[in-house]
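Trainee: Listed here are the chains, written in short residue letters.
2 protein chains.
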Amino acid sequence: MQFFKVKTVEETYALIDEMIPSIQDVEVRSLEEALHYILAEPVAATENVPGFDRSTVDGYAVKAKDTYGSSESMPAFLTVIGEVKMGEGVRHHIGSSEAVYVPTGGMLPPDSDSVIMIEHCEDMDGLLNIYKQVAPGENIIRAGEDIRNGDLLLPEGTKLRPQELGALASLGVTHVRVYRKLKVGYLSSGDEIVPYQTKTLSTGQIRDVNYLAILGLASEWGVEVLYGGIVKDDISQFQQKARELYDQVDCLILSGGSSVGVKDYTIEVIEGLGEPGVFVHGISIKPGKPTILALADGKPVIGLPGHPASAMIIFKLFGERIVRKLQGEKIAKKPDRIFARMTKNIPSSPGRSDYIRVRLFELNGEWWAEPIIGKSGLITTLVKSDGIVEIASEKEGILQGENVPVIPSR
Amino acid sequence: MQFFKVKTVEETYALIDEMIPSIQDVEVRSLEEALHYILAEPVAATENVPGFDRSTVDGYAVKAKDTYGSSESMPAFLTVIGEVKMGEGVRHHIGSSEAVYVPTGGMLPPDSDSVIMIEHCEDMDGLLNIYKQVAPGENIIRAGEDIRNGDLLLPEGTKLRPQELGALASLGVTHVRVYRKLKVGYLSSGDEIVPYQTKTLSTGQIRDVNYLAILGLASEWGVEVLYGGIVKDDISQFQQKARELYDQVDCLILSGGSSVGVKDYTIEVIEGLGEPGVFVHGISIKPGKPTILALADGKPVIGLPGHPASAMIIFKLFGERIVRKLQGEKIAKKPDRIFARMTKNIPSSPGRSDYIRVRLFELNGEWWAEPIIGKSGLITTLVKSDGIVEIASEKEGILQGENVPVIPSR
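Chains as they are written, first to last, in the numbering used here: chain C, 1 to 410; chain D, 1 to 410.
No wet-lab data here; the hints were simulated from the structure.
Wrong hints could be hidden among the right ones.
No distinction is drawn between identical chains; accordingly, a pair holds when it is met within one copy or between any pair of copies.
As the list claims (entries may be wrong) - Within a straight-line C-alpha distance of at most 30 Å, the following computed DSS-like cross-link-like pairs (lysine-lysine) qualify:
| no. | residue 1 | residue 2 |
| --- | --- | --- |
| 1 | K289 | K384 |
| 2 | K181 | K199 |
| 3 | K330 | K65 |
| 4 | K375 | K63 |
| 5 | K65 | K286 |
| 6 | K199 | K344 |
| 7 | K325 | K199 |
| 8 | K183 | K325 |
| 9 | K199 | K286 |
| 10 | K63 | K183 |
| 11 | K395 | K63 |
| 12 | K65 | K325 |
| 13 | K330 | K344 |
| 14 | K181 | K132 |
| 15 | K286 | K232 |
| 16 | K7 | K132 |
| 17 | K299 | K375 |
| 18 | K375 | K330 |
| 19 | K63 | K299 |
| 20 | K7 | K286 |
| 21 | K63 | K7 |
| 22 | K384 | K63 |
| 23 | K232 | K330 |
| 24 | K5 | K344 |
| 25 | K232 | K344 |
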């Protein structure tokens with residue numbers, strides 16, 4: 001076994017970005033199924049959107065120059081020669097001093113270049129009084145102004161949000177090639193761990209709480225979780241169960257018990273799964289120092305600390321990054337951190353990143369972060385929290401009122 | 001039909017909060033299924049968590065007073081009388097000047113009151129050299145310190161995040177009573193609207209893009225969507241289809257076409273569904289002014305504007321609030337707005353709320369919001385955006401550098 005120096009959070013992120021590959025398995029999904037999937041190929045537009053020049057208001061299509069100089073006191077007068085109906089082609093060419101009624105979204109008649117809103121004119125039995133001038137292009141969207149035929153609409157690696165689905169639908173795209181969803185395996189270990197369904201605990205037993213929290217986080221990221229159960233403090237059983245689960249999943253999570261045996265075994269079990277093995281063994285972070293990250297023949301393996309609160313924070317910080325990299329996400333649009341002002345001074349050791357659970361409240365158009373009191377192992381500190389403040393490793397702490405990054409919980 | 005004054009955004013939110021009821025249908029879910037469901041009853045703790053005094057470190061359980069005054073140069077000496085194994089009860093009472101090895105999470109032996117970390121002592125064949133003093137309570141968690149038997153853990157109306165599932169599991173709770181998931185119906189209308197799967201559009205036709213975007217947003221909120229298809233510009237067909245869909249869902253969404261007929265019909269169709277009917281008809285907002293909100297015999301009805309981009313923004317702003325209220329959510333923990341500095345001056349009309357699509361970027365520990373160029377009807381403006389900046393109705397605009405609330409997209 002190699003000797004490992006504890007890594008900083010920043011080094012850990014860099015190693016994840018460097019080490020974790022993306023899966024290459026592609027599948028076809030309908031747009032109805034494709035929410036939050038990652039595009040496996042770029043999508044270029046095959047037509048213009050909109051397909052024709054459209055009005056953006058209810059009004060009259062005109063030649064702009066026929067309205068120049070018109071005002072409330074000096075209206076211009078045009079002749080209404082017809083009406084555009086929604087969903088139909090347009091019959092009327094517009095000649096000089098002519099106008100055609102167009103509803104919002106309606107097709108612009110040929111030779112018109114702008115639309116005057118109904119609020120700024122008056123139709124007196126076919127004679128249109130114009131009380132305001134419009135400029136060419138006013139109140140219209142040109143064909144291809146939203147999406148131009150041939151342009152790249154979405155690059156490979158894009159996460160499909162509702163608006164991306166809408167944009168794809170506007171092109172008549174019905175199916176997309178995406179990376180398949182990931183499957184993550186979760187295995188608990190330790191003689192003291194019992195299924196969370198256990199009604200009455202014997203002395204010294206602990207329910208397998210981490211499983212539920214990890215399952216919840218992974219579900220929020222769209223990842224399926226396969227539960228491998230609980231292994232006792234026995235290395236050959238641990239190795240066998242880990243291998244069985246590893247073979248069925250894209251990423252294996254081991255939640256470490258605290259008994260001396262399991263602690264010693266975990267690294268050995270992980271190293272036995274494949275090459276290159278462990279690349280992070282211990283992170284300079286509070287909570288969650290005894291974290292293990294490995295890559296075994298292309299599949300990430302995560303050894304989480306046993307404390308439920310630490311396990312959740314570590315999985316949120318590093319598990320999410322690993323999952324996003326693994327599922328092929330390249331264009332992350334969402335800011336995953338907000339900023340808030342700290343209500344209190346918080347000391348921290350330089351060289352170590354601290355993650356402080358906080359309650360957030362808004363005051364005068366700013367978020368404020370109030371630290372949750374309680375030891376770091378308590379899961380209720382997470383229940384009471386709205387997010388986690390990050391104190392970067394180079395900092396010696398946070399001063400009251402200082403603006404700090406917060407990872408909000410959903 | 002009543003006469004309606006256009007409402008401000010703030011008035012609209014207040015009306016939603018006042019008018020929209022919560023569904024009362026309760027179902028039982030296992031913890032594995034319960035993520036993001038809303039608790040339909042309070043959950044009180046039925047046992048202590050942890051169930052016993054535990055060590056938070058690897059070390060030796062001691063009586064703190066036996067370590068007082070000890071240091072590197074003046075160690076105290078204790079006798080190691082045994083070891084605590086994970087998952088087992090403890091046999092050893094600790095007497096004066098005695099110590100017992102305890103792993104992290106292990107049960108504390110009776111009569112010990114603290115744990116000294118292994119880093120601060122040395123076991124020389126059963127003689128423990130103590131190089132640091134500890135205080136009573138140090139490095140331990142007391143029984144019930146996380147959750148105390150009888151205390152209220154989660155109130156009714158709580159959204160179950162991963163940490164709430166973990167806390168419930170720690171009590172051995174396996175099933176929870178929650179409000180059932182909502183079903184929302186979506187019906188498009190307008191002669192120009194065709195199914196989004198339509199390969200080639202005839203002149204003037206528009207694909208039903210809104211359906212995909214609305215389906216995506218509703219899915220993000222955990223709501224099922226039933227698609228009612230597209231009704232042509234015919235009031236009796238519209239009434240019949242709306243009624244059919246209304247009968248199957250908890251909330252009905254009508255996406256209005258722009259033809260004159262449909263515009264006139266929509267309000268009539270909604271008013272015909274039930275009492276008290278329309279309570280918002282027009283919002284002083286850009287984009288999305290022609291929005292209709294109604295309550296028909298206990299079910300909300302939303303009339304969305306026809307422009308895809310407007311429809312999405314309106315559904316995000318008001319649809320999400322309606323859905324959360326309807327599904328019984330009372331304790332919303334997550335901040336749904338972040339704050340960012342605007343890169344440009346943005347004018348706005350007082351009395352109207354403006355929603356500006358922005359790209360977000362981080363600079364020196366702050367988010368900055370760069371407005372997306374493009375007319376408000378363009379769906380690509382949403383594809384390019386990371387969120388929407390809100391300019392409240394009382395403001396006359398935003399100055400460059402001003403801190404503004406942003407609704408981030410997921």
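Trainee: Does each hint hold? Answer for all of them.
Mentor: Consistency of the hints with the structure:
With identical chains, the CA atoms of K289 and K384 are at most 30 Å apart within one copy only, with a shortest distance of 23 Å there and 38 Å across copies. Taking the shortest Cα distances, K181 and K199 sit within 30 Å of each other only across copies (28 Å), while inside one copy they are farther apart (34 Å). For the identical chains of this complex, K330 and K65 are neighbours neither inside a copy (48 Å) nor across copies (57 Å), given an alpha-carbon limit of 30 Å. In this assembly of identical chains, the alpha carbons of K375 and K63 lie at most 30 Å apart only when taken from different copies (21 Å versus 73 Å within one copy).
When the C-alpha separation of K65 and K286 is checked against a cutoff of 30 Å, the pair qualifies only between copies, where the shortest distance is 28 Å, while the shortest distance within a copy is 69 Å. When the C-alpha separation of K199 and K344 is checked against a cutoff of 30 Å, the pair qualifies neither within a copy, at 41 Å, nor between copies, at 60 Å. With identical chains, the CA atoms of K325 and K199 are never at most 30 Å apart, being 39 Å at best within one copy and 34 Å at best between copies. Taking CA atoms no more than 30 Å apart as the test, K183 paired with K325 passes inside one copy only; the shortest distance there is 14 Å, against 33 Å between copies.
For the identical chains of this complex, K199 and K286 are neighbours neither inside a copy (32 Å) nor across copies (55 Å), given an alpha-carbon limit of 30 Å. Taking identical chains as interchangeable, the C-alpha atoms of K63 and K183 are never at most 30 Å apart, the minima being 60 Å within one chain and 48 Å between chains. Taking the shortest Cα distances, K395 and K63 never come within 30 Å of each other, neither inside one copy (64 Å) nor across copies (36 Å). Taking the shortest Cα distances, K65 and K325 never come within 30 Å of each other, neither inside one copy (56 Å) nor across copies (52 Å).
Proximity of K330 and K344 under a CA criterion of 30 Å is satisfied inter-copy only: 28 Å between copies versus 37 Å inside one chain copy. When the C-alpha separation of K181 and K132 is checked against a cutoff of 30 Å, the pair qualifies neither within a copy, at 56 Å, nor between copies, at 51 Å. For the identical chains of this complex, K286 and K232 are intra-copy neighbours only, at 27 Å inside a copy versus 61 Å across copies, given an alpha-carbon limit of 30 Å. Taking the shortest Cα distances, K7 and K132 sit within 30 Å of each other only across copies (27 Å), while inside one copy they are farther apart (68 Å).
Taking CA atoms no more than 30 Å apart as the test, K299 paired with K375 passes in neither setting, with 34 Å inside one copy and 45 Å between copies. Proximity of K375 and K330 under a CA criterion of 30 Å is satisfied inter-copy only: 28 Å between copies versus 37 Å inside one chain copy. Neither within a single protomer nor between protomers do K63 and K299 lie at most 30 Å apart by alpha-carbon distance, with minima of 64 Å and 47 Å respectively. Within a single copy, K7 and K286 get their C-alpha atoms as close as 13 Å, which meets the 30 Å cut-off; across copies the closest is 49 Å, which misses it.
Taking identical chains as interchangeable, the C-alpha atoms of K63 and K7 are never at most 30 Å apart, the minima being 68 Å within one chain and 35 Å between chains. For the homomeric pair K384 and K63, neither the shortest alpha-carbon distance inside one copy (63 Å) nor that between copies (33 Å) is at most 30 Å. Taking the shortest alpha-carbon separations for K232 and K330, neither the intra-copy value of 39 Å nor the inter-copy value of 41 Å comes in at or below 30 Å. Taking the closest pair of Cα atoms, K5 and K344 never come within 30 Å of each other, the shortest separation being 33 Å inside a single copy and 47 Å across copies.
Taking identical chains as interchangeable, the C-alpha atoms of K232 and K344 are never at most 30 Å apart, the minima being 43 Å within one chain and 61 Å between chains.
The structure fails hints 3, 6, 7, 9, 10, 11, 12, 14, 17, 19, 21, 22, 23, 24 and 25 (numbered hints given earlier, in ascending order).
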